[in-house]
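K.L.:
Okay, here's what each chain looks like letter by letter:
There are 2 protein chains.
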Amino acid sequence: MAPFELPIDGVTVDQESLREWTAEIVRRLSTPLDIANDVAEVLVASDLRGVASHGTFRLPVYASLAEAGVIDVIARPQKQSGTQVFSHWDAANGWGPHAGRVLMDDAIDRASTLGMAASIAHRASHFSIAGWYAMRAAARGLIGMTMTNSSPLVAPTRGRSRLLGTNPIALAAPAGRFGMFVLDMATSAVTWGRVVVAARRETEIVPGIALGGDGRPTTVPGHVLESGALLPLGGGEETAGYKGYGLALMVDVLTGVLAGANFGSRVVPFSTTLGPSDLGQLFIAIDPGSIDAAGFEGRMEDLCEELVTAPLAPGAPGRVLIPGEPEAEREAYQREHGILLDIRHHESLVELGERRGVRFPAVRGAPVEDRR
Amino acid sequence: MAPFELPIDGVTVDQESLREWTAEIVRRLSTPLDIANDVAEVLVASDLRGVASHGTFRLPVYASLAEAGVIDVIARPQKQSGTQVFSHWDAANGWGPHAGRVLMDDAIDRASTLGMAASIAHRASHFSIAGWYAMRAAARGLIGMTMTNSSPLVAPTRGRSRLLGTNPIALAAPAGRFGMFVLDMATSAVTWGRVVVAARRETEIVPGIALGGDGRPTTVPGHVLESGALLPLGGGEETAGYKGYGLALMVDVLTGVLAGANFGSRVVPFSTTLGPSDLGQLFIAIDPGSIDAAGFEGRMEDLCEELVTAPLAPGAPGRVLIPGEPEAEREAYQREHGILLDIRHHESLVELGERRGVRFPAVRGAPVEDRR
Numbered sequence: 001m002a003p004f005e006l007p008i009d010g011v012t013v014d015q016e017s018l019r020e021w022t023a024e025i026v027r028r029l030s031t032p033l034d035i036a037n038d039v040a041e042v043l044v045a046s047d048l049r050g051v052a053s054h055g056t057f058r059l060p061v062y063a064s065l066a067e068a069g070v071i072d073v074i075a076r077p078q079k080q081s082g083t084q085v086f087s088h089w090d091a092a093n094g095w096g097p098h099a100g101r102v103l104m105d106d107a108i109d110r111a112s113t114l115g116m117a118a119s120i121a122h123r124a125s126h127f128s129i130a131g132w133y134a135m136r137a138a139a140r141g142l143i144g145m146t147m148t149n150s151s152p153l154v155a156p157t158r159g160r161s162r163l164l165g166t167n168p169i170a171l172a173a174p175a176g177r178f179g180m181f182v183l184d185m186a187t188s189a190v191t192w193g194r195v196v197v198a199a200r201r202e203t204e205i206v207p208g209i210a211l212g213g214d215g216r217p218t219t220v221p222g223h224v225l226e227s228g229a230l231l232p233l234g235g236g237e238e239t240a241g242y243k244g245y246g247l248a249l250m251v252d253v254l255t256g257v258l259a260g261a262n263f264g265s266r267v268v269p270f271s272t273t274l275g276p277s278d279l280g281q282l283f284i285a286i287d288p289g290s291i292d293a294a295g296f297e298g299r300m301e302d303l304c305e306e307l308v309t310a311p312l313a314p315g316a317p318g319r320v321l322i323p324g325e326p327e328a329e330r331e332a333y334q335r336e337h338g339i340l341l342d343i344r345h346h347e348s349l350v351e352l353g354e355r356r357g358v359r360f361p362a363v364r365g366a367p368v369e370d371r372r
Numbered sequence: 001m002a003p004f005e006l007p008i009d010g011v012t013v014d015q016e017s018l019r020e021w022t023a024e025i026v027r028r029l030s031t032p033l034d035i036a037n038d039v040a041e042v043l044v045a046s047d048l049r050g051v052a053s054h055g056t057f058r059l060p061v062y063a064s065l066a067e068a069g070v071i072d073v074i075a076r077p078q079k080q081s082g083t084q085v086f087s088h089w090d091a092a093n094g095w096g097p098h099a100g101r102v103l104m105d106d107a108i109d110r111a112s113t114l115g116m117a118a119s120i121a122h123r124a125s126h127f128s129i130a131g132w133y134a135m136r137a138a139a140r141g142l143i144g145m146t147m148t149n150s151s152p153l154v155a156p157t158r159g160r161s162r163l164l165g166t167n168p169i170a171l172a173a174p175a176g177r178f179g180m181f182v183l184d185m186a187t188s189a190v191t192w193g194r195v196v197v198a199a200r201r202e203t204e205i206v207p208g209i210a211l212g213g214d215g216r217p218t219t220v221p222g223h224v225l226e227s228g229a230l231l232p233l234g235g236g237e238e239t240a241g242y243k244g245y246g247l248a249l250m251v252d253v254l255t256g257v258l259a260g261a262n263f264g265s266r267v268v269p270f271s272t273t274l275g276p277s278d279l280g281q282l283f284i285a286i287d288p289g290s291i292d293a294a295g296f297e298g299r300m301e302d303l304c305e306e307l308v309t310a311p312l313a314p315g316a317p318g319r320v321l322i323p324g325e326p327e328a329e330r331e332a333y334q335r336e337h338g339i340l341l342d343i344r345h346h347e348s349l350v351e352l353g354e355r356r357g358v359r360f361p362a363v364r365g366a367p368v369e370d371r372r
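Chains as they are written, first to last, in the numbering used here: chain A, 1 to 372; chain B, 1 to 372.
Incorrect hints may appear among the rest.
What the hints assert, rightly or not - Short, incomplete list of chain A residues facing chain B, as computed with Cβ under 8 Å:
| no. | residue |
| --- | --- |
| 1 | Ala92 |
| 2 | Asp109 |
| 3 | Ser112 |
| 4 | Gly115 |
| 5 | Gly222 |
| 6 | Leu225 |
| 7 | Ser227 |
| 8 | Gly235 |
| 9 | Ser265 |
| 10 | Val268 |
| 11 | Pro269 |
| 12 | Ala316 |
Source of the hints: derived by calculation from the structure; they are not laboratory data.
C-beta: ideal position from N, C-alpha, C; glycine also.
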């Protein structure tokens with residue numbers, strides 16, 4: 001059930017060293033220190049949680065976007081309109097993790113007095129994992145929600161072309177002795193990164209999650225990557241894939257369309273330097289303490305308790321999991337033992353460090369044998 | 001892609017007559033007139049949209065709950081705590097469609113000045129289709145969102161027992177010349193009603209949407225109804241069913257847990273007279289006019305235009321649909337030609353009318369031949 005794929009080869013690097021190195025790389029791209037620290041914080045948090053596809057793996061692309069001026073390295077998000085409850089921001093094509101952190105914190109501060117508040121941005125950039133922002137609210141005892149639209153990779157139900165992003169939804173809530181409830185999910189059946197990993201490992205993907213370039217379902221990752229598309233959560237029409245399609249649209253409506261950003265196929269794919277993605281991003285904070293229903297975290301514990309003790313289906317690989325639980329375990333492990341980067345990921349960072357004159361930190365031990 | 005199943009046999013009744021008859025039945029249960037009108041309005045709206053499982057089909061059960069005192073027929077929802085932005089209500093086990101209408105309208109009114117506002121209820125009752133409330137906001141030019149938890153029918157990923165409701169999410173937004181965007185979806189792969197319909201028609205259900213009483217996937221509807229469970233959207237773990245599971249939990253956290261209502265398996269199944277369900281329900285309204293991104297509806301039109309003209313996959317049964325489009329078509333048709341009720345649905349209403357001394361309205365023409 002892990003939403004991440006553990007590397008099958010790689011080296012281990014201390015999380016603090018990786019964060020410092022990442023911040024230094026971003027700083028050398030002429031980014032102010034506080035902004036660089038936000039970028040490093042979020043990317044390394046993604047690595048720590050085992051979501052390698054959204055962590056420092058993206059840094060070489062981020063750097064090329066900054067160099068090309070597609071990311072404006074000194075831009076700071078500005079409140080542009082809206083109300084005290086619902087504020088509309090111009091993220092000014094600055095660093096995504098910085099704008100996201102600022103907008104979420106602003107929503108959290110306002111929700112603490114208003115009960116609920118939201119920030120919405122246009123001209124936003126890729127911000128790594130949506131869950132990080134929602135978790136920021138949960139760490140303060142609030143419920144956090146985050147949505148963003150993203151590069152078009154998903155075909156609408158009945159369609160064959162890439163029209164919608166994997167448009168994630170994240171919700172985090174404090175859960176007492178269970179730590180945090182963290183749902184952080186793409187509204188596609190799988191992420192693009194999963195298909196990339198399958199291609200690299202020369203394995204097939206499961207049926208019902210993607211189309212080839214001919215618009216027919218395929219299990220060959222190369223067919224998807226070349227000219228195919230992901231399917232929405234639920235897969236085909238007969239297995240209710242129109243619900244995943246609807247959810248992807250819900251996110252687009254609440255982000256790109258509402259914020260006056262790009263939406264649908266107009267979103268400029270993240271990895272190109274054609275121009276800013278101009279994403280829409282929404283951050284909501286709700287304070288359970290604002291309503292007279294004391295004991296929110298106790299009820300979260302009761303719900304989680306019921307789940308982890310639930311009767312299992314035959315062949316279940318383990319007990320029922322709480323959303324975010326595998327990532328929290330991975331984070332705890334990697335905080336202590338270091339972050340495992342796969343070989344290509346590590347190589348790309350070493351190379352980036354050489355180009356920028358910031359030597360990549362020493363790894364813990366030699367690279368392990370490539371087990372492919 | 002229709003989320004509803006058209007009756008395969010039945011009679012046709014004028015929508016206005018059905019609404020008046022329904023209101024009269026509810027009124028005879030000692031319900032104040034305005035409350036009875038809300039109940040009739042929402043149930044018949046569900047029928048009009050082709051969602052027969054949530055319309056007047058439920059009236060006999062509603063009536064028995066009212067008779068048993070499980071629904072408090074004279075209760076009106078009261079604001080209990082919260083803030084101007086986020087208000088917490090006691091729905092007092094009154095009629096669900098009335099409380100829902102009041103809470104949504106209150107959120108709409110507040111959002112019109114605040115930019116965004118929400119109402120959350122505990123001690124709420126079944127309220128028919130979630131989309132109706134969201135559409136009320138869209139009819140005023142706002143974005144509406146509604147969520148409710150519901151009777152436990154869904155197994156968590158890896159589990160086998162009924163722990164979670166089909167916990168729907170609805171979002172409606174005005175879409176200019178495309179009318180309204182209305183996503184209204186259970187977070188299970190299919191609704192319970194679909195399985196009931198399959199059993200009645202003696203057909204199989206598609207694989208990957210439900211478990212039998214042994215906890216194994218089944219395509220036999222009877223096995224599901226007897227002691228099985230629905231699977232979350234996405235199906236099994238390998239096809240990302242944990243995302244549907246996460247969404248069902250998200251709804252439970254934002255409704256039952258947050259509101260201090262029942263949640264998880266504690267929700268009293270709707271059709272029993274054991275006691276009130278004590279549902280949690282959330283209603284959110286967002287005013288796109290509150291932010292400086294003029295032209296929200298124009299952007300909705302652009303998004304919809306891109307969808308309906310999208311290149312199709314081979315074998316697609318028609319063009320790409322916009323969420324809510326099949327229901328809107330059905331509603332337009334049935335407003336003119338009458339509402340088609342299947343034979344058993346019609347019989348149950350005739351019987352209810354006889355018991356309550358309110359004769360069911362004349363149907364248009366004789367029942368058509370049963371085509372099963």
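K.L.:
Grab the minimum C-beta distance from Asp109/A to chain B and call the hint holds if it beats 8 Å, violated otherwise.
P.N.:
violated (14 Å)
K.L.:
Double-check Ala92/A for me: the hint is only fine if its C-beta lies closer than 8 Å to a C-beta in chain B.
P.N.:
Given a least distance of 15 Å, the restraint on Ala92/A is violated.
K.L.:
Quick one, is the Leu225/A hint okay against chain B at 8 Å, beta carbons?
P.N.:
violated (18 Å)
K.L.:
Could you check if Pro269/A really has its C-beta closer than 8 Å to a C-beta on chain B?
P.N.:
violated (16 Å)
K.L.:
So, Gly222/A near chain B? Judge it on the closest CB pair being under 8 Å.
P.N.:
Interface hint status for Gly222/A: violated (19 Å vs cutoff 8 Å).
K.L.:
Using 8 Å as the Cβ threshold, decide whether Val268/A counts as touching chain B.
P.N.:
violated (15 Å)
K.L.:
Against chain B, with CB atoms and a cut of 8 Å, does the hint on Ser265/A hold up?
P.N.:
holds (6 Å)
K.L.:
Measuring from the C-beta of Ala316/A to each C-beta in chain B, is the shortest one below 8 Å?
P.N.:
holds (4 Å)
K.L.:
With a cut-off of 8 Å, does the beta carbon of Gly115/A approach a beta carbon of chain B closely enough for the hint to hold?
P.N.:
holds (4 Å)
K.L.:
Using Cβ atoms only, decide whether Ser112/A comes closer than 8 Å to chain B, and label the hint accordingly.
P.N.:
Hint violated; Ser112/A Cβ to chain B Cβ min 11 Å, cut 8 Å.
K.L.:
Report holds or violated for the interface hint on Gly235/A, using the least CB-CB distance to chain B and a cut-off of 8 Å.
P.N.:
Cβ of Gly235/A sits 6 Å from chain B, so the hint holds.
K.L.:
Hint Ser227/A vs chain B: min CB-CB distance below 8 Å?
P.N.:
Violated - the Cβ of Ser227/A stays beyond 8 Å from chain B, reaching only about 12 Å at its closest.
In summary, the structure is inconsistent with hints 1, 2, 3, 5, 6, 7, 10, 11 from the numbered list given earlier, while agreeing with the others.
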